[in-house]
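Undergrad: Spelled out, the chains give:
Protein chains: 2
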Amino acid sequence: MRPFNFAAGPAALPVEVLQQAADEMLDWQGTGTSVMEMSHRSREFESIHQTALADLAELLMLPANYRLLFLQGGALAENALVPLNLLGARTAADYVVTGTWSRKSQLEASRYCAAHIAATNETSRLNSPQNRARLGIPAFTDWHLSADPAYVHICTNETVNGVEFFEIPDLGEVPLVADASSHLLSRPLDITQYGVIYGGAQKNIGMAGVTLVIVREDLLDRALPICPSAFEWKTVAAHNSMYNTPPTYAIYIAGLVFKWLKRQGGLAAIEARNIEKAQLLYQTIDASDFYINWVEPAVRSRMNVPFYLADETRNDDFLAGARACGLLHLKGHASVGGMRASIYNAVPLAAVRALVDYMQAFAQRHA
Amino acid sequence: MRPFNFAAGPAALPVEVLQQAADEMLDWQGTGTSVMEMSHRSREFESIHQTALADLAELLMLPANYRLLFLQGGALAENALVPLNLLGARTAADYVVTGTWSRKSQLEASRYCAAHIAATNETSRLNSPQNRARLGIPAFTDWHLSADPAYVHICTNETVNGVEFFEIPDLGEVPLVADASSHLLSRPLDITQYGVIYGGAQKNIGMAGVTLVIVREDLLDRALPICPSAFEWKTVAAHNSMYNTPPTYAIYIAGLVFKWLKRQGGLAAIEARNIEKAQLLYQTIDASDFYINWVEPAVRSRMNVPFYLADETRNDDFLAGARACGLLHLKGHASVGGMRASIYNAVPLAAVRALVDYMQAFAQRHA
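From first to last, the protein sequence lines are chains A and B. Quick note on numbering that gives the first Met the number 0: the first sequence kicks off at 0 and runs consecutively. Quick note on numbering that gives the first Met the number 0: the second sequence kicks off at 0 and runs consecutively.
Be careful, since some hints might not be right.
To be verified - Pairwise CB distance ranges (calculated):
(1) G29(A) - A297(B): 38 to 44 Å
(2) E311(A) - H238(B): 25 to 31 Å
(3) E57(A) - G320(B): 38 to 44 Å
(4) R313(B) - G29(A): 42 to 48 Å
(5) A88(B) - P62(A): 26 to 32 Å
(6) G29(A) - D288(B): 36 to 42 Å
(7) G265(A) - S334(B): 39 to 45 Å
(8) G29(B) - A349(A): 40 to 46 Å
(9) G171(B) - S46(A): 47 to 53 Å
(10) G320(B) - E45(A): 22 to 28 Å
Claimed, not checked - Chain A is faced by these chain B residues, among others (derived, beta-carbon under 10 Å):
(11) Q18
(12) T30
(13) G208
(14) A345
(15) A349
Unchecked claim - Dumping the calculated EDC-like pairs for lysine to aspartate or glutamate here, alpha-carbon to alpha-carbon at most 20 Å:
(16) K330(B) - E45(A)
(17) K330(B) - E43(A)
(18) K103(A) - E121(A)
(19) K330(A) - D316(A)
(20) K330(A) - E45(B)
Hints are computed from structural coordinates only; laboratory data are not their basis. All of these numbers come straight from a predicted model, not from anything done at the bench. Glycine is no exception: its CB is placed at the ideal position from the N, C-alpha and C atoms.
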């Protein structure tokens, strides 16, 4: 049996996707050619690309006035590319800080504009069991937007801290920009609430090396002249992600994942499964004083579940025992310590069951 | 038998590499995990990355004061990232234009600095059989460098036009920057002649989605403040290409290609084979009035061989007949028309033999 992989990204992929990729590696559909060897301008790759886009649009129920772009550089590159593409004539943007990733976004944006922190939960940082402040999302009524921001940026799922937005404020004319890297495709989204949604692929989309940008068409005209052409959304959109050679194989793998998602029943069906997985894990944490999660229950991430052992001297034992049971990559991010179970779409309920069984047995053994 | 793939990139890969990738897809070396699923911070991926770097340094005989960086965005992104990383306090850079790609580099750089054209062969463009001017590289003595350029940029192999630099000028203190995308690893290079060498992987390195940047360490301190952090070479170097999530699978495939290259005997051995392949093809072209290549013989590319049929009304017949023989992707770049055979490292001599056999038979049939 394959071990269960709780890595935060790159992360578990569906076995069926890996199997198909292996089967087709030397010969894609009778062409005698690997997808890796195909010209991005070939008829064959064009069909792979268009099918991936059509399946993704169907999964997302994409409104007609949004474009799907495949870029490179991941969410970290987009932290610069968002202001470079959206500032236009404006000189300020607003950032809501709810954890490590939104903070990184704000810091990078401050190189290009006044990156105003409209709200932050940093006073309640979850960084040790000794700091028992609950980690949450500042109430929308407490967001202090600046006078005329180019956009408002949020990170809708904080991979390190385990905080997820389940409600989105209505900002009127101001475009809402979301780094949704670690929960995109984990549940249906109302795309019309956003101006831009972006994310690296290496969580629920596919392998590392391709970035998905979903952008409302009327926002394509705001790039600064210093934005590199290869990363200018308008240019990328005008060339249907073929301005430069796209990461063809990463797009192919994403396409296989989209087909897999459709076979699972789409985003509503996968959401139901993700809710079941997350509830099982959070209930196990909350049922015992042995484990602690301090994220406010209403905004606990369904994808990334950080938790601490009340007695942190047992961390190494916990991880070694987990590894021995085939439960891999449970160590928390270095900046916050503790444990983290990332339970993306491709992590089955059986993996979470095995994890909670292990957690309960470990707690009993050390009670 | 697999067909022979003459695509310009993404392009043919060694069958052994594809076979190993297929074999290891679900389980890399007993880990029960695909390389695609591995955290970039895992011990397993770190060993893949370090082995790839060590093999590449060995193949290149990399001097100790150069760094190997894996980035994203391809050569087209680097067209912006080169000035963003190298201008420092200077406001001008020099570009030598020898074809489509160096021209693109110059145009993109002109968004960031005075991108001075120090020399050009554009008066002798190879764009139709009716334009019989020889395409060459301007003599070094005719390069008109500006007073204090941040660097001099060349494209050492023009993928579209088939022009390759076999000699490199000595520019003294001025760093030479080379887009070597389409011939990097096809032969030994004296790295010390360059300040920076960069290239997309999708020719001789691996699959599309990773960019190799070879940079002399003393040049890492010249980035403009507007350079996105994820693409700032100094930042990337300081984090050993792990500042953002790298394209892990593309690095793995590159590592397999490096091992394959070492088994072939390294770059000197592969160069000997590439010379044999190129000579066979150019001799076939030159031996017949049926086919034409107008690149000056001294600078004809060993990787990308553009040629025209003297009677261009036969182009479609030529391509259809080639396809029927399993000779794929011989159509020239849309901007110049005609034919192009890209004969990268992974294209075997047998492929070139099959191509010249077909070319001779086609010429006889239509003589």
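Undergrad: Would you mind marking each hint as holding or not holding in the structure?
TA: These are the hints, each one checked on the structure:
The hinted range of 38 to 44 Å is satisfied by G29(A) and A297(B), whose Cβ atoms lie roughly 43 Å apart. Between E311(A) and H238(B) the C-beta distance comes to about 28 Å, which sits within the given range of 25 to 31 Å. A hinted range of 38 to 44 Å holds for the C-beta pair E57(A) and G320(B), which are about 40 Å apart. Remark: the range hint 42 to 48 Å for R313(B) to G29(A) is contradicted by a beta-carbon distance near 28 Å.
In this structure the hint that A88(B) and P62(A) lie 26 to 32 Å apart at CB is violated, the actual value being about 47 Å. Remark: the range hint 36 to 42 Å for G29(A) to D288(B) is upheld by a beta-carbon distance near 38 Å. In this structure the hint that G265(A) and S334(B) lie 39 to 45 Å apart at CB holds, the actual value being about 42 Å. Take G29(B) and A349(A): their Cβ atoms lie about 22 Å apart, and the range 40 to 46 Å is violated.
Our hint of 47 to 53 Å for G171(B) and S46(A) holds, since their Cβ atoms are close to 51 Å apart. Between G320(B) and E45(A), the C-beta spacing of about 23 Å keeps the proposed range 22 to 28 Å intact. For Q18(B), the interface hint holds, the least distance from its beta-carbon to any beta-carbon of chain A being 7 Å, beneath 10 Å. Against a cut-off of 10 Å between C-beta atoms, the interface hint on T30(B) holds, since the closest Cβ of chain A lies about 8 Å away.
The beta carbon of G208(B) comes within 3 Å of a beta carbon in chain A, closer than 10 Å, and the hint placing it at the interface holds. With a least beta-carbon distance of about 8 Å to chain A, the hint placing A345(B) at the interface is held under the 10 Å criterion. For A349(B), the interface hint is violated, the least distance from its beta-carbon to any beta-carbon of chain A being 15 Å, above 10 Å. As the CA atoms of K330(B) and E45(A) are separated by approximately 17 Å, the hinted pair is consistent with the 20 Å bound.
Among the hinted pairs, K330(B) with E43(A) is consistent with the structure: their alpha-carbon atoms are about 15 Å apart, no more than 20 Å. Taking the CA atoms of K103(A) and E121(A), the gap is near 13 Å; set against the 20 Å cutoff, the hint holds. Proposed proximity of K330(A) and D316(A) is supported: the alpha carbons are some 12 Å apart, at most 20 Å. Pair hint K330(A) plus E45(B) holds up; C-alpha atoms about 17 Å apart against a cutoff of 20 Å.
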